[in-house]
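Work out the full structure: start from the sequences and follow the hints.
Protein chains: 8
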Amino acid sequence: IRVGYPEVIYCENKTIPQIREIIKFMLTKNNNILATRATKEMFDKVKDLDNKLKYNELGRTITLEVNEIKKTDSYIAIVSAGTSDLAVVEEAKETASILGNKVKVITDVGVAGIHRLYARLDIIREAKVVIVIAGMEGALASVVGGLVDKPIIAVPTSVGYGANFNGLSALLSMLNSCASGVSVVNIDNGFGAAYNASMINQL
Amino acid sequence: IRVGYPEVIYCENKTIPQIREIIKFMLTKNNNILATRATKEMFDKVKDLDNKLKYNELGRTITLEVNEIKKTDSYIAIVSAGTSDLAVVEEAKETASILGNKVKVITDVGVAGIHRLYARLDIIREAKVVIVIAGMEGALASVVGGLVDKPIIAVPTSVGYGANFNGLSALLSMLNSCASGVSVVNIDNGFGAAYNASMINQL
Amino acid sequence: IRVGYPEVIYCENKTIPQIREIIKFMLTKNNNILATRATKEMFDKVKDLDNKLKYNELGRTITLEVNEIKKTDSYIAIVSAGTSDLAVVEEAKETASILGNKVKVITDVGVAGIHRLYARLDIIREAKVVIVIAGMEGALASVVGGLVDKPIIAVPTSVGYGANFNGLSALLSMLNSCASGVSVVNIDNGFGAAYNASMINQL
Amino acid sequence: IRVGYPEVIYCENKTIPQIREIIKFMLTKNNNILATRATKEMFDKVKDLDNKLKYNELGRTITLEVNEIKKTDSYIAIVSAGTSDLAVVEEAKETASILGNKVKVITDVGVAGIHRLYARLDIIREAKVVIVIAGMEGALASVVGGLVDKPIIAVPTSVGYGANFNGLSALLSMLNSCASGVSVVNIDNGFGAAYNASMINQL
Amino acid sequence: IRVGYPEVIYCENKTIPQIREIIKFMLTKNNNILATRATKEMFDKVKDLDNKLKYNELGRTITLEVNEIKKTDSYIAIVSAGTSDLAVVEEAKETASILGNKVKVITDVGVAGIHRLYARLDIIREAKVVIVIAGMEGALASVVGGLVDKPIIAVPTSVGYGANFNGLSALLSMLNSCASGVSVVNIDNGFGAAYNASMINQL
Amino acid sequence: IRVGYPEVIYCENKTIPQIREIIKFMLTKNNNILATRATKEMFDKVKDLDNKLKYNELGRTITLEVNEIKKTDSYIAIVSAGTSDLAVVEEAKETASILGNKVKVITDVGVAGIHRLYARLDIIREAKVVIVIAGMEGALASVVGGLVDKPIIAVPTSVGYGANFNGLSALLSMLNSCASGVSVVNIDNGFGAAYNASMINQL
Amino acid sequence: IRVGYPEVIYCENKTIPQIREIIKFMLTKNNNILATRATKEMFDKVKDLDNKLKYNELGRTITLEVNEIKKTDSYIAIVSAGTSDLAVVEEAKETASILGNKVKVITDVGVAGIHRLYARLDIIREAKVVIVIAGMEGALASVVGGLVDKPIIAVPTSVGYGANFNGLSALLSMLNSCASGVSVVNIDNGFGAAYNASMINQL
Amino acid sequence: IRVGYPEVIYCENKTIPQIREIIKFMLTKNNNILATRATKEMFDKVKDLDNKLKYNELGRTITLEVNEIKKTDSYIAIVSAGTSDLAVVEEAKETASILGNKVKVITDVGVAGIHRLYARLDIIREAKVVIVIAGMEGALASVVGGLVDKPIIAVPTSVGYGANFNGLSALLSMLNSCASGVSVVNIDNGFGAAYNASMINQL
Ligand SMILES: Nc1ncnc2c1ncn2[C@@H]1O[C@H](COP(=O)(O)O)[C@@H](O)[C@H]1O
Ligand SMILES: Nc1ncnc2c1ncn2[C@@H]1O[C@H](COP(=O)(O)O)[C@@H](O)[C@H]1O
Ligand SMILES: Nc1ncnc2c1ncn2[C@@H]1O[C@H](COP(=O)(O)O)[C@@H](O)[C@H]1O
Ligand SMILES: Nc1ncnc2c1ncn2[C@@H]1O[C@H](COP(=O)(O)O)[C@@H](O)[C@H]1O
Ligand SMILES: [Mg+2]
Ligand SMILES: [Mg+2]
Ligand SMILES: [Mg+2]
Ligand SMILES: [Mg+2]
Ligand SMILES: [Mg+2]
Ligand SMILES: [Mg+2]
Ligand SMILES: [Mg+2]
Ligand SMILES: [Mg+2]
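Protein chains in written order, with my numbering: chain P, 1 to 203; chain V, 1 to 203; chain Z, 1 to 203; chain B, 1 to 203; chain F, 1 to 203; chain C, 1 to 203; chain S, 1 to 203; chain H, 1 to 203.
Treat the hints with care, as some may be off.
Straight-line Cα separation of at most 27 Å, BS3-like style, residue types lysine-lysine; simulated pairs [as the list claims (entries may be wrong)]:
1) K150(H) x K150(S)
2) K52(V) x K71(V)
3) K150(S) x K40(H)
4) K45(S) x K40(C)
5) K70(P) x K102(P)
6) K102(Z) x K150(V)
7) K71(Z) x K150(V)
8) K150(F) x K70(B)
9) K29(S) x K71(S)
10) K104(C) x K150(P)
11) K29(F) x K150(B)
12) K71(S) x K54(S)
13) K29(V) x K70(V)
14) K24(V) x K45(V)
15) K47(S) x K24(S)
16) K40(S) x K40(C)
17) K40(Z) x K150(V)
18) K40(B) x K104(B)
19) K102(B) x K150(F)
20) K52(P) x K40(P)
21) K45(B) x K40(S)
22) K40(B) x K150(S)
23) K40(H) x K40(P)
24) K150(B) x K40(F)
25) K150(B) x K47(F)
26) K150(S) x K104(H)
27) K150(P) x K150(C)
No wet-lab data here; the hints were simulated from the structure. Please read these numbers as outputs of a predicted model, since none were measured by experiment.
The following block contains the structure:
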């Protein structure tokens, strides 16, 4: 990974010994660490390596902050639709934080109850960049895109069933957003959205 | 077609002589007539059959009202997103009208400029049933569904390009709507939505 | 949720503690409750909260009726093809009931044995609105649509294998129905169909 | 081609000179000829080769009967849903005829008006093998399959629009038919269905 | 099921008590029985009902022959490509047998070793109707179709991985077969193919 | 449109009279204008409205600059793979320019000749934000993403044939980019990418 | 382009002036030239540039041989199924030739008439590398792969209709070939197959 | 399998007794053996058959070298992107080795860190044929194809999530590679790539 500060490990498809080895090596370099898609079992089998290692169960991240991170003044707003999208929200939040960003999280503002979104609109509008996380029909990205004049990074989630086709409906929705200023990352890719938002927030 | 009043012809894939023959025969029965997906050329080649035949160019419909139609008191609201959806709007409007429904049309209220939707919300809420017509990401169906407590019939349109896949994005969006009370008809099927809405409006 | 009477919880992707918390909170408001996609284990872990909580195993619903529900005079007909569609039938029936509708259920009338459908046609025709639930090729929606002059809400189910692609065949069939008056909800969405039908039945 | 009697040419993607050449050569062998997917222009440019060459415009076939064909006693029933499926009906009929089969054609019996199918049921039941041709949701194959105890060869057609995806909806429907005894050929493949039916009819 | 002789149960998505109930009821009618997609566990929980119930583990069928079945003189050839297709072969064989057909099974003749197919060609050519079962690229159907002048019912199987997409590659292959006389049933549908072949074999 | 400066018209699916009407109205407001997806014929039929109207044939844009646009100091780099992607490049360039951005365009640096990309790397690295436009396999986005530490907005193009499926291959590639910092807009959406980049460039 | 000898132009999506410009420039370098996907009109508008420019109408290639090409001793066999695949055959042949390879072309050996393939098997087996070109179900690649012990490059073609989905059926077939030694290039990509085969032939 | 030396077993969908039987039989013929897609459990249940049987856990292969294999002088380079692709790398390596090829493996050179690829370029360029294994967006195949003048066999892997669709993104990428000289095998098909490469390496 090119960024200086945290080293990043993508744990999916890696064995626990592999992950242990990588973390051990990273610890020698005295860098902050972010591991994504880490199961609880993975964490339990590596946590003895350093007692500052932290696990976010919902977000499936392991983090280690050896160097204190100075946060930005401007912030990233992470906006999400339903409670089922929270895993992706947490992955994005942990990523943005360890990359040194101030983050504000606004959840449960799906378009079926749009008044809840309006109640939080000011906090979204004052962000420097906005991450919108939504499954099912992903309409939230367009609605936020229409109301907020900031770059929007949309994350479709695989939440839903049937004709949702594991996130395809939200993905296509977001790619076809009629609101300008919306770009899209892979389904469930909270990490990628936050990495992207961090770059923009720190320009 | 089962409804007593208008006879309906679906012109796609039919030759002009076939359509002429069908209309001629219908005229003998003294019924109202609705022909959908009719090209201008088709109309020009049949209009001599009866001088009451009317053509809606945008909606591609031919209609004939031999028996005056008494309209309902309650009405169907037809709500659409962009100017490119107007062909489907017109098909729905012509269908609903000749089936005897009062219709109110609210266009250009796509979610990218959601304030325009709010400005027309009262008129939508007072309808007995609502048709929502939208292409691209089809978010309008969910937003209207969240704001209005009436049955919503959503029509995805093939308007868009690229990852829109000829209406697939709007179709999947609408099928996965997080707002309750939304059901869906085929892409560009303004006729079907109006037929359905008419049944509900006349219950 | 906008409807006054029951509160609705969608249990998929929620943890048992989350569901317990939501139900506890709802109980303080003295409302009826409907939880869909609830596993037996979920029910076992929340049933101590109120001894009126009921579980429908096939339909995967938890319901609580604290306020007696006055049922409509008109009724919703729920029509289904095979025994494998019964889970969706039960979800629809529980939803329609707690929303205050009289419901009549007609099962096992798939088109391979169409005489069984004819035997029950009167009861379907007298409904105010009809829900048709079918998997595999979903032909039942078109056949009922052709025989019955009422609004039809079609629910494709994921029952089948191979080229059924988890409900895609029935979904596409129903969207392309040659019978007028058929609208469609998501694959396996018995809840959505019943919510929709309830709105129409109570117009 | 293995069958002794007619030689078959598939004209799609062939140039007129190529087709002329093939027919010329076939004429030397004194066999019957069937050319499918032939445009009017193709016919006009080859008809001078033999004045017995006949063109079926709707079915896009060219045929030549130099040897009188003795027809079977048993017959193939070709059953179709809408007027838009007639091109495929004609291709199947021409193919079956030149292969020496007695054919009975029953059109316009789509499931939206199922009484019309019942009116013709006897003639279908007495066939030795049945070809069912339908577009849109292709429900006719299942309905006929449920009512008739003969092998059914189903031909999905590309008739329809939107979520029909050029015949995919009818194709999937037919492959998932809940009625036993239905097998399927390619979209719009009237030739293949008739060839198949002919083999069965002449067993 | 319409055929007089065996009653057929499709066990997928049915509970063991449901299946027990159905078999019990069938036993009272003194008919032969065929149950498909039955797990070993299902069989173990119903075998006490009648000691003539037999289980085919590979084919996942339960059969009961109370009335001796007189077999046809002509036979159905079941031809398959690889050892992984054998489950479907067995389902087809059991179905064809209990429907009263003489059956000859030719396995392991996939096109990668085409000489093995040639070695068995005579036996295939003398069948009245041929079932070809193949996964992966499904080429066997076309090759057999080109060599044998009998109706071919092709069954794509879900055997394979990657771009096989659970049988889609074989399904599309078979639908597009360049050999005439090939019709297709659903992926893995050994039952449907045999039912169909039986109809033809007994014409 | 929310941005103060230029008004934007999307010409696809609009008639020439409609476009004339919109431009006429915009001219009264003395704003800059950007029309995308405009055919040459459209331009010819509106250019009399104001002699400052300019047409970019390759990019299919009409622009009008009534208010001089002050350009940013930082710039947007637009990087593209092949000559066939130039239409999208031009749409992006015109959009970014009229929105007030300095733009540098680097074309013909596809990964098949990666040395050409290296030769231009400095100019890309010094941009504030980078737009990468590529068809076929879209690998360029990942390669630039790996070499440049700036936010990347990737635009898949529909250039290619066969398994390209009108841009699907590049779209999926870009969504799955192994390089961090890449977000994606719709196929061929040069406008959207530039709008997005402009927001970031002007933060 | 990396290869020393011919320069290659891919004409699709290029304007005639662009192509003229490129050829003019290439002529100054005294290299052989290959242009693929060139229309007749393109050729007519560039042929004045050099009277050695040749056009292959079926293969849509323009070639120029300024330096005599010494051909390899070993040869590439190009094997194809039907007459409709000939355009791809010609593109492959022209490419292989100008790259300096001896080529032998074997056409019309589709698996529906497999004896024709056997008749030509020796010539295929003696090639150093084999290109197999087939549309529809693409079975030819597997059959040749099973009979010939040489590397096979398979080219699916878009020949077919319906469930062929523009070459998808042949593509998936070939990717899933049960015969070892088969690799695949894009649909209709005769150029790519020949380029690849040339590399192997000249190892 | 046609090659003389090792016999190959594809273990997926085979039972342990079946595999035991096959290996036992092969041992009698004194040939080398390669079994792919073998689970650890399979190996444990067959390893008593011969104490030279070896298991590669990551590559899921069982091998037996009874006849010493003389390796080629030229070598196959196996190049891969990420650590998650290693299973496919190992399958390819074991296959190529037992087929008698010298193999050099270059891993962890994905395009996000392209300098690592450059560091190993010499070793790749000196190979006779190159296998490129990559998941996600599969860009590595195009980059290597652009830098190396050898035949490239690309293997898409199913590594990734979301819009990766189990390897579809890498598959389409590789099929659409803008670099000449790239052909493709099935997703995760390390065996097929190595078999193919071996043929070329031993020409
Ligand atoms: N089975 C279901 N399928 C689709 N949507 C549902 C289902 N059950 C409940 N819902 C919707 O989910 C909402 C509750 O979601 P939640 O707040 O996440 O529990 C309800 O108001 C319904 O609109
Ligand atoms: N409409 C059709 N659809 C599919 N296959 C056809 C059709 N018409 C003819 N064929 C097949 O194409 C073969 C002739 O192909 P060809 O030699 O290219 O003219 C015939 O033997 C038939 O098997
Ligand atoms: N090429 C384009 N692709 C996608 N969206 C566009 C494009 N050009 C303009 N738009 C959007 O379309 C809106 C104008 O749409 P309309 O009011 O229908 O002309 C603009 O505000 C943009 O958000
Ligand atoms: N028919 C073809 N299909 C795919 N790629 C091709 C084809 N013809 C040429 N190419 C490739 O396109 C490159 C030239 O592209 P361009 O510079 O855009 O003309 C050549 O070097 C080939 O790699
Ligand atoms: Mg915005
Ligand atoms: Mg609502
Ligand atoms: Mg009806
Ligand atoms: Mg039947
Ligand atoms: Mg045959
Ligand atoms: Mg980067
Ligand atoms: Mg071979
Ligand atoms: Mg190369």
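Going through the hints against the structure:
About 18 Å separates the Cα atoms of K150(H) and K150(S), which keeps this hinted pair within 27 Å; it holds. The suggested pairing of K52(V) with K71(V) holds, with an alpha-carbon distance near 19 Å, which does not exceed 27 Å. Taken as a hint, the K150(S) and K40(H) pair is broken in the structure, with Cα atoms around 33 Å apart against an allowance of 27 Å. At most 27 Å may separate the alpha-carbon atoms for a hinted pair to count; K45(S) and K40(C) meet this at roughly 23 Å.
Under the criterion of a C-alpha separation no larger than 27 Å, the hint pairing K70(P) with K102(P) is consistent with the structure, at around 9 Å. Distance check on the hinted pair: K102(Z) and K150(V) sit about 19 Å apart at the alpha-carbon level, within 27 Å; holds. Simply put, K71(Z) and K150(V) have alpha-carbon atoms about 19 Å apart, close enough for the 27 Å limit, and the pair holds. Between K150(F) and K70(B), the direct Cα distance comes to roughly 21 Å. Compliance with the 27 Å bound is thereby established for this hinted pair.
Among the hinted pairs, K29(S) with K71(S) is consistent with the structure: their alpha-carbon atoms are about 22 Å apart, no more than 27 Å. About 23 Å separates the Cα atoms of K104(C) and K150(P), which keeps this hinted pair within 27 Å; it holds. A hinted pair counts as satisfied when its Cα atoms are at most 27 Å apart, and K29(F) with K150(B) qualifies at roughly 25 Å. For the given pair, K71(S) sits about 19 Å from K54(S) by alpha-carbon distance, which is consistent with the 27 Å threshold.
Restraint check: the Cα-Cα separation between K29(V) and K70(V) comes to about 19 Å, which is no more than 27 Å; the hinted pair holds. In summary, the hint linking K24(V) to K45(V) is supported, as the alpha carbons are separated by about 12 Å, within the 27 Å threshold. Annotation: proposed proximity of K47(S) to K24(S) holds, straight-line Cα distance about 11 Å (limit 27 Å). For a cut-off of 27 Å, the pair hint linking K40(S) to K40(C) stands: about 25 Å separates their Cα positions.
A C-alpha spacing of about 33 Å is found between K40(Z) and K150(V), which places the hinted pair above 27 Å, so the restraint is violated. At most 27 Å may separate the alpha-carbon atoms for a hinted pair to count; K40(B) and K104(B) meet this at roughly 26 Å. Between K102(B) and K150(F), the direct Cα distance comes to roughly 19 Å. Compliance with the 27 Å bound is thereby established for this hinted pair. Our distance criterion of 27 Å between C-alpha atoms is met by K52(P) and K40(P), whose separation comes to about 16 Å.
Pair hint K45(B) plus K40(S) holds up; C-alpha atoms about 23 Å apart against a cutoff of 27 Å. Between K40(B) and K150(S) the CA atoms are separated by roughly 45 Å; this puts the pair beyond 27 Å, and the hint is violated. Restraint check for K40(H) and K40(P): the C-alpha separation of about 25 Å stays at or below 27 Å, so the hint holds. With a CA separation close to 33 Å, the supplied pair K150(B) and K40(F) exceeds the 27 Å bound.
For the suggested pair K150(B) and K47(F), the alpha carbons sit about 34 Å apart, so the restraint of at most 27 Å is broken. Using a Cα cut-off of 27 Å, the hinted pair K150(S) and K104(H) holds, with the two alpha carbons roughly 23 Å apart. Distance restraint check for K150(P) and K150(C): the Cα-Cα separation of roughly 18 Å lies within the 27 Å cut-off, and the hinted pair is therefore satisfied.
In terms of the numbered hints stated before, the structure departs from hints 3, 17, 22, 24, 25, listed from lowest to highest.
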